[in-house]
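Work out the full structure, taking the sequences as your base and the hints as a guide.
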Amino acid sequence: MELTMQDITKEFQGFHAVDGVSCHMGKGVYGLLGVNGAGKTTLMRMLCTLLRPTSGAILWDGQDIFRMGEAYRRILGYLPQEFGYYPDFTVWDYLLYISAIKGLRPAAAKKRAEQLLKQVGMWKQKDRKMKKLSGGMKRRVGVAQAVLNDPQILILDEPTAGLDPGERIRFRNLISELAEERLVLLSTHIVSDIEYIANEILLMKDGLIVQEGTLEELLAAMPQQVWRCRVPREQVGEYLKRYKVANVKTALQGAELRILSSQRPARAAESAEVTLEDVFLYHFGEKSEEENGNSEGADTNI
Amino acid sequence: MEKTIIWYEIKKVFSQRGGKIALFLLAGLLALCSYFALDISYVNPDGSKLYGVEAARRLREEKRAWAGEVDAETLRRVVEENNRILSMPEAQGDTVLESEITYSRRQGFDDLRDLLNEFYAKGFREYDYYLADHLSPDQVTEDFYENRVKLLREWLADEDSGTDFTEKEKAYLVEHYEDLDIPLRYDYADGWGRLMEYMPSICMVTAYILAYLVASMFSCEYGLKADSVFFSSAYGRNRAIRGKIAAGAAIVTLVYWGIVLLYTGVVLGCLGADGADCQIQAYFAGWKSLYHLTNLQEYLLVAAGGYIGSLFFSLLTMYVSARTKNAVAAVMVPIFLTFLPSFLGGIQASLLDRVMGLLPDRLLDLHLEVRLFHIYQIGGTVVSALPLLFGIYLTLSALLAPEIYRVYGGSFRRNRAG
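These protein sequences, in sequence, are chains A and B.
Numbering follows this note's numbering, with no gaps: position 63 of the first sequence is 63.
Numbering follows this note's numbering, with no gaps: position 179 of the second sequence is 179.
Errors might be hidden in some of the hints.
Calculated pairs, BS3-like style, for lysine-lysine (alpha carbon to alpha carbon, straight line, at most 25 Å) [unchecked claim]:
no.	chain 1	residue 1	chain 2	residue 2
1	A	Lys138	B	Lys225
2	A	Lys124	B	Lys288
3	A	Lys129	B	Lys3
4	B	Lys150	B	Lys288
5	B	Lys3	A	Lys110
Facing chain B, from chain A, some residues (calculated, C-beta under 7 Å) [unchecked claim]:
no.	residue
6	Tyr78
7	Glu82
8	Ala100
9	Ala220
Note that these hints are calculated values from the structure, not bench results.
For each residue, glycine too, the CB sits at the ideal point set by N, CA and C.
Structure (structure tokens):
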């Protein structure tokens with residue numbers, strides 16, 4: 001069970017959405033972390049054979065996935081970022097329809113759909129119309145459809161986007177449950193999703209995989225140290241200009257800053273433990289701020 | 001597996017509000033056309049009127065008394081009876097009641113009286129409603145059928161009308177006219193007549209509604225952003241697309257024949273199916289037709305034409321839907337093709353008229369087409385419009401299906417960055 005990306009590039013009118021990505025993946029959960037526009041969706045769409053790479057090859061156990069065609073799609077499950085559904089179908093009808101286009105026989109499809117709906121906690125809602133479901137419920141049905149065919153490769157594109165914290169935790173647990181005995185590639189820009197469930201993390205920036213490894217490896221490879229210090233309120237702006245600041249927390253007579261720096265930023269600064277959020281900020285700091293000032297990768301709660 | 005896909009594709013269409021509204025409209029169309037078709041009247045001897053099924057029953061009784069071969073003897077009887085009625089005092093009066101009483105006496109042979117007006121017409125395009133009233137039994141000669149061919153020859157020889165046809169086409173028309181099996185047989189056939197009167201409306205509206213129903217079958221995956229899951233599934237690029245095409249064809253087949261057969265059942269059930277084997281030439285509206293068909297054959301032809309027309313429009317709509325990923329653009333296609341002749345109708349050009357005779361909307365109104373002289377000379381052979389219409393649109397429909405498969409199968413490869 002090995003998915004290999006060999007120097008794959010996807011170019012859109014001169015713009016390199018994915019730029020020479022090479023990677024090997026086996027069984028386990030892989031977290032693809034990057035800001036919006038990093039190329040995650042393009043990469044995932046190529047892995048789902050929905051887009052052809054401009055150059056390079058994607059192999060499954062040594063075979064080109066585009067040549068494998070239907071045989072490859074039989075072992076693939078995909079939950080896209082924009083999960084579309086048929087609003088007037090009931091949950092049950094929706095899953096049976098997807099089962100049919102995934103090649104499951106009707107009897108097996110009914111059995112599998114029931115099992116999965118129970119697993120994702122949607123069995124009681126099976127007769128509800130898809131359009132009547134909440135965002136979290138739709139996502140759970142989305143995951144159920146992705147694993148209907150018991151895929152060896154499960155690709156989940158931003159599966160927790162738009163979910164409330166409670167739903168996100170439930171969702172992470174569900175993914176962990178489903179991840180056994182298959183390759184799961186999970187893309188997100190929400191650091192905590194990856195931190196808890198990914199065996200291996202790939203950081204993607206401007207179409208490139210800038211770093212990959214386990215959580216421990218990424219933390220150990222962090223080239224800068226993390227510092228915690230309390231500064232007067234009027235100096236906060238100066239620190240924000242000079243350093244990458246992971247967090248600003250208002251405190252009595254000043255603010256408590258979490259700073260990424262090779263050198264101690266202030267005499268009173270104390271060394272702190274590096275987290276994946278710090279690694280994310282180190283790599284994507286400016287981009288994530290540009291993208292959304294309140295990104296969960298870099299909270300700036302002044 | 002494909003059966004399940006087809007079933008769910010059909011369910012997708014009819015689970016939408018638009019699908020339910022379309023079914024409601026079809027039921028309304030069926031009710032309305034049946035109501036108008038059954039709106040038949042019978043005039044009682046006192047001049048009062050009866051409507052509906054009872055009227056049809058009485059009319060049938062009276063008309064069946066005149067059933068049989070249309071020969072000189074029958075026509076003489078018609079003329080004699082007509083003259084007897086016209087000599088009665090009510091026929092001389094000018095009130096509506098007197099006129100109705102007169103009509104009540106001749107409604108049993110009114111179809112044959114209409115035929116007399118055609119048999120003894122002075123010109124091919126001439127019609128005099130009162131001509132039969134001026135005939136005496138002696139004027140009914142054995143050779144009245146020959147007048148049909150004679151008038152056609154004269155009309156074709158005319159400088160104004162004859163120039164629309166080549167010599168081969170003229171010969172073709174005359175030859176077909178001469179082939180008419182005589183004597184014709186007459187029977188009560190109001191059931192067929194009323195049925196055919198509203199068949200074009202049934203075919204046309206059903207074809208539009210069907211095109212509307214299938215318009216979103218291919219574009220919906222994109223419109224609902226369900227395309228990624230669809231195309232990344234095992235059958236998303238082969239069987240599932242075939243399933244969509246088959247579901248579209250199944251919807252057209254089931255809905256079209258459902259509506260047509262229900263309408264036929266209601267009308268013929270109420271008005272009777274007598275006269276099925278009588279030729280359409282034995283009735284005023286079909287006398288000049290180039291096609292020698294019985295009432296039943298004409299019905300089958302019109303129904304089959306409507307089906308092929310609906311199938312072609314729906315496949316074309318599905319093709320545009322697959323190509324443009326836009327249901328609105330797709331549903332505009334049949335509307336455009338149907339209204340095109342109306343826009344071009346004002347242009348007086350023989351060639352244009354002939355081209356318009358081959359547009360797909362003609363298949364939805366074969367009841368009229370059967371009565372038109374749309375003929376085409378291809379090389380040295382002259383062909384009438386009907387086989388051409390069936391041939392062209394059956395072939396195009398057969399070509400559209402694999403083309404939809406090809407276009408939609410490749411449509412997911414759009415360039416979209418993420």
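Violated constraints from the hint list, given by number and in increasing order: 2 and 9
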